[in-house]
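**Q** The whole structure should be built from the sequences, with the hints applied where relevant.
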Amino acid sequence: MSVTKYESQLREPLVNGNKTYGQVTHDIVHTIEAKPTRLWYIGFYISVALLMFGAYSVYREVVYGIGQWNVNRTIGWGWDITNFVWWVGIGHAGTLISAILLLFRQGWRTGVNRAAEAMTIFAVMCAGQFPIFHMGRVWMAFFTLPYPNTRGPLWPNFNSPLLWDVFAISTYFTVSLLFWYSGLLPDFATIRDRAKTKLRKRLYGLASFGWSGSTKHWQRHESLSLVLAGLSTPLVLSVHTIVSFDFATSVVPGWHTTIFPPYFVAGAIFSGFAMVQTLMLILRKVMGLQDYITLGHIEAMNKVIVLTGSIVGCAYLTELFMAWYSQVPFEQDIFFKYRIAGPYGWSYWLMMTCNVISPQLFWSRKLRRNVLFTFIMSIIVNIGMWFERFVIIVSSLYRDYLPSSWSIYYRPTIWEIGFYVGTFGLFFTCFFLFAKYFPVIAIAEIKYVLKTNGESFKNEMAELESKNVDEFVHEMHHDDHAEGTVKVAHH
Amino acid sequence: MALKKFVVGCFEDEKVLFPAVEKVRKAGYKFHDIYTPFPVHGLDKAMGLRDTSIHTAGFLFGMIGTTTAVTFMTWVFTKDWPVNIGGKPNFALPAWIPITFELTVLCAAVGMVLTFCYICQLAPFLKRHHFHPRATDDLFVMVIECSEKANEEELKSFLGSVGAQEVNTQVAEEGWWIGKYDEEQELYKEPNIA
Numbered sequence: 001m002s003v004t005k006y007e008s009q010l011r012e013p014l015v016n017g018n019k020t021y022g023q024v025t026h027d028i029v030h031t032i033e034a035k036p037t038r039l040w041y042i043g044f045y046i047s048v049a050l051l052m053f054g055a056y057s058v059y060r061e062v063v064y065g066i067g068q069w070n071v072n073r074t075i076g077w078g079w080d081i082t083n084f085v086w087w088v089g090i091g092h093a094g095t096l097i098s099a100i101l102l103l104f105r106q107g108w109r110t111g112v113n114r115a116a117e118a119m120t121i122f123a124v125m126c127a128g129q130f131p132i133f134h135m136g137r138v139w140m141a142f143f144t145l146p147y148p149n150t151r152g153p154l155w156p157n158f159n160s161p162l163l164w165d166v167f168a169i170s171t172y173f174t175v176s177l178l179f180w181y182s183g184l185l186p187d188f189a190t191i192r193d194r195a196k197t198k199l200r201k202r203l204y205g206l207a208s209f210g211w212s213g214s215t216k217h218w219q220r221h222e223s224l225s226l227v228l229a230g231l232s233t234p235l236v237l238s239v240h241t242i243v244s245f246d247f248a249t250s251v252v253p254g255w256h257t258t259i260f261p262p263y264f265v266a267g268a269i270f271s272g273f274a275m276v277q278t279l280m281l282i283l284r285k286v287m288g289l290q291d292y293i294t295l296g297h298i299e300a301m302n303k304v305i306v307l308t309g310s311i312v313g314c315a316y317l318t319e320l321f322m323a324w325y326s327q328v329p330f331e332q333d334i335f336f337k338y339r340i341a342g343p344y345g346w347s348y349w350l351m352m353t354c355n356v357i358s359p360q361l362f363w364s365r366k367l368r369r370n371v372l373f374t375f376i377m378s379i380i381v382n383i384g385m386w387f388e389r390f391v392i393i394v395s396s397l398y399r400d401y402l403p404s405s406w407s408i409y410y411r412p413t414i415w416e417i418g419f420y421v422g423t424f425g426l427f428f429t430c431f432f433l434f435a436k437y438f439p440v441i442a443i444a445e446i447k448y449v450l451k452t453n454g455e456s457f458k459n460e461m462a463e464l465e466s467k468n469v470d471e472f473v474h475e476m477h478h479d480d481h482a483e484g485t486v487k488v489a490h491h
Numbered sequence: 001m002a003l004k005k006f007v008v009g010c011f012e013d014e015k016v017l018f019p020a021v022e023k024v025r026k027a028g029y030k031f032h033d034i035y036t037p038f039p040v041h042g043l044d045k046a047m048g049l050r051d052t053s054i055h056t057a058g059f060l061f062g063m064i065g066t067t068t069a070v071t072f073m074t075w076v077f078t079k080d081w082p083v084n085i086g087g088k089p090n091f092a093l094p095a096w097i098p099i100t101f102e103l104t105v106l107c108a109a110v111g112m113v114l115t116f117c118y119i120c121q122l123a124p125f126l127k128r129h130h131f132h133p134r135a136t137d138d139l140f141v142m143v144i145e146c147s148e149k150a151n152e153e154e155l156k157s158f159l160g161s162v163g164a165q166e167v168n169t170q171v172a173e174e175g176w177w178i179g180k181y182d183e184e185q186e187l188y189k190e191p192n193i194a
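Protein sequences appear in the order of chains A and B.
One point on numbering: in our numbering, the residue at position 216 of the first sequence is 216, and numbering is uninterrupted.
One point on numbering: in our numbering, the residue at position 148 of the second sequence is 148, and numbering is uninterrupted.
Any given hint could turn out to be false.
Unchecked claim - Okay, derived cross-link-like pairs now, DSS-like style, lysine-lysine, Cα gap no bigger than 30 Å in a straight line:
hint	chain 1	residue 1	chain 2	residue 2
1	B	LYS156	A	LYS216
2	A	LYS216	B	LYS26
3	B	LYS4	A	LYS216
Stated by the list, open to error - Residues from chain B shown here face chain A by an in silico Cβ test under 7 Å; the list is partial:
hint	residue
4	VAL16
5	THR36
6	LEU43
7	GLY111
8	VAL113
9	LEU114
10	PHE116
11	ARG128
12	LYS180
Said to hold, decoys possible - Derived CB-CB ranges, DEER-like:
hint	chain 1	residue 1	chain 2	residue 2	range
13	A	TRP139	B	TRP81	23 to 33 Å
14	A	LEU320	B	TRP81	40 to 50 Å
15	A	SER250	B	TYR118	54 to 64 Å
16	B	ASN90	A	ALA141	24 to 34 Å
17	A	TRP139	B	PHE125	29 to 39 Å
18	A	PRO148	B	THR56	48 to 58 Å
19	B	ARG50	A	ALA141	43 to 53 Å
Since the hints were made in silico from the structure, they are not lab data.
We put the CB at the ideal spot given by N, CA and C, even for glycine.
**A** Laid out in structure tokens, this is it:
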């Protein structure tokens, strides 16, 4: 054999089992070709039911007005903006995995990037609902767009963070969608060329845009992916930065801090990875993808969780320190009287436990590689991150500068909760459809890493390493004669 | 519609494909294309393809986005409808950075993807002749066009000798047409069938 690339034995293989290219295709595509399982139908119908409930809750809000919710003076942003920030945050992991890890050449991203990007797109779709319906008169939502109109024309305020949000979220959604879909083209073509039924052949033929796998097309495709990754990297950081500006540019105690952008971005990645874990652990179990989403993948994501969780923890402590250090009585009251204590104190401590204390358990390698523990932890983290946004919004708003406008204890109505539950319905309906009809793992990318990071390659390497030097030299010398030159790396 | 005659050789292993590509080039044959199920790094160089400059398109579209955003916001806030916001300057460049950035990224990404689809001629409802159904699964399919210099029989035996597992001849339409993948389409009639 010739040495095309050296891989350390210390690195785990990215694909387990001695797979051939054909097996990779089969493993990923066969669930699309089979009939959905009973479990899939149950999950799908539950999601649709939740979606229906959400649609009805939104209908009530649109028809009867924002009074269907318990948002009030001064808690103008209640559950809906909490949910908005939470969903946007979750939507950050997909692009982080597909873009930033691509630039950092992290091979393990190939196993999880497709599903994570899908999750991103669905999460951003859910997030977008909240500010839109929070407007109250939702039929005027298009007023946020700068289009020539008959009122002057009157333009939106480009200096406002809320308008920046409109641009950031819609750009993020569009670019993620393009990135995702351009990666899907070759995989759709794979399904198309294997398809046995007419309908499948036609639909996947339509979706694959007539992809042929030409070398020139691949070359451009790779360049496109790389540039899109380069564009998405600052984009993903900018989106949650801008979301944090919604808070940080105001003069509300507890919001008006410069730490918000990095703190929000870290929190977004934290909750996003937790959601990826939740979905991946179910996906690999139900679809039998343990060879592609290995324990190594799970461990790698848990490492990101413990890192970002610690950053978030640092941010919480910094906030407390800055509140004390600033010597501003309003800041100090918000943090020490109304946030860590007071009627909403329980939510602060829930947030602290879920986000700061519990992820520290991931310092243990044994727990990082424990599937059940990871699954439970991923849900705990997302509960914690939801409460983080709740704490930020509600505890800063319920007692502001003027004691006469301090509000009563804020409890959401059933329709407010229904809206949130409905976005879960939307998210999981989309995700179930994705899991059934789309290749959940990037087939072409797995094939690309198969020969350089797969288990069979590792075994070959182990064999090579066990040889003594003379034998090795002899073999390479032989290769030299056979092929004219010693082949070293095709890259 | 231009029908052409191609000789197709299929390879199962990159380790066989790369030396074969080299030999084909040495023998002076011209590739029509090599279809692969995944991006094989170095194959473009081995085939003698030049680098793509699609990233330049991305840069140009990005610049269009930047200029549009800055000029439009400047025009709105200084010429068309200046608003006094707490006495702050109308030309508030720092506050426009987020939107300028977002529009740059949006234009670059959308423009690049459209450029990609255009230069690769990819779109829904388009159909092509695919030389082997496993070209998107696990085969590397080398296609060489028959010409005066490249005789069919000669090519077939040559591809066999460099390690192709399966060799055949196909007469096919070179470009795309509008069609459905679930229908066998005869785009041509053999003219000289008696």
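**Q** If a hint holds in the structure, say so; if it doesn't, say that too.
**A** Hint check results:
no. : hint                            : result
1   : LYS156/B x LYS216/A             : holds (24 Å)
2   : LYS216/A x LYS26/B              : holds (20 Å)
3   : LYS4/B x LYS216/A               : holds (20 Å)
4   : VAL16                           : violated (11 Å)
5   : THR36                           : holds (5 Å)
6   : LEU43                           : holds (5 Å)
7   : GLY111                          : violated (10 Å)
8   : VAL113                          : holds (5 Å)
9   : LEU114                          : violated (9 Å)
10  : PHE116                          : holds (5 Å)
11  : ARG128                          : holds (5 Å)
12  : LYS180                          : holds (5 Å)
13  : TRP139/A x TRP81/B: 23 to 33 Å  : holds (24 Å)
14  : LEU320/A x TRP81/B: 40 to 50 Å  : holds (44 Å)
15  : SER250/A x TYR118/B: 54 to 64 Å : violated (45 Å)
16  : ASN90/B x ALA141/A: 24 to 34 Å  : holds (27 Å)
17  : TRP139/A x PHE125/B: 29 to 39 Å : holds (34 Å)
18  : PRO148/A x THR56/B: 48 to 58 Å  : violated (32 Å)
19  : ARG50/B x ALA141/A: 43 to 53 Å  : holds (47 Å)
Figure legend: structure checked against the earlier numbered hints; hints not met, in rising order: 4, 7, 9, 15, 18.
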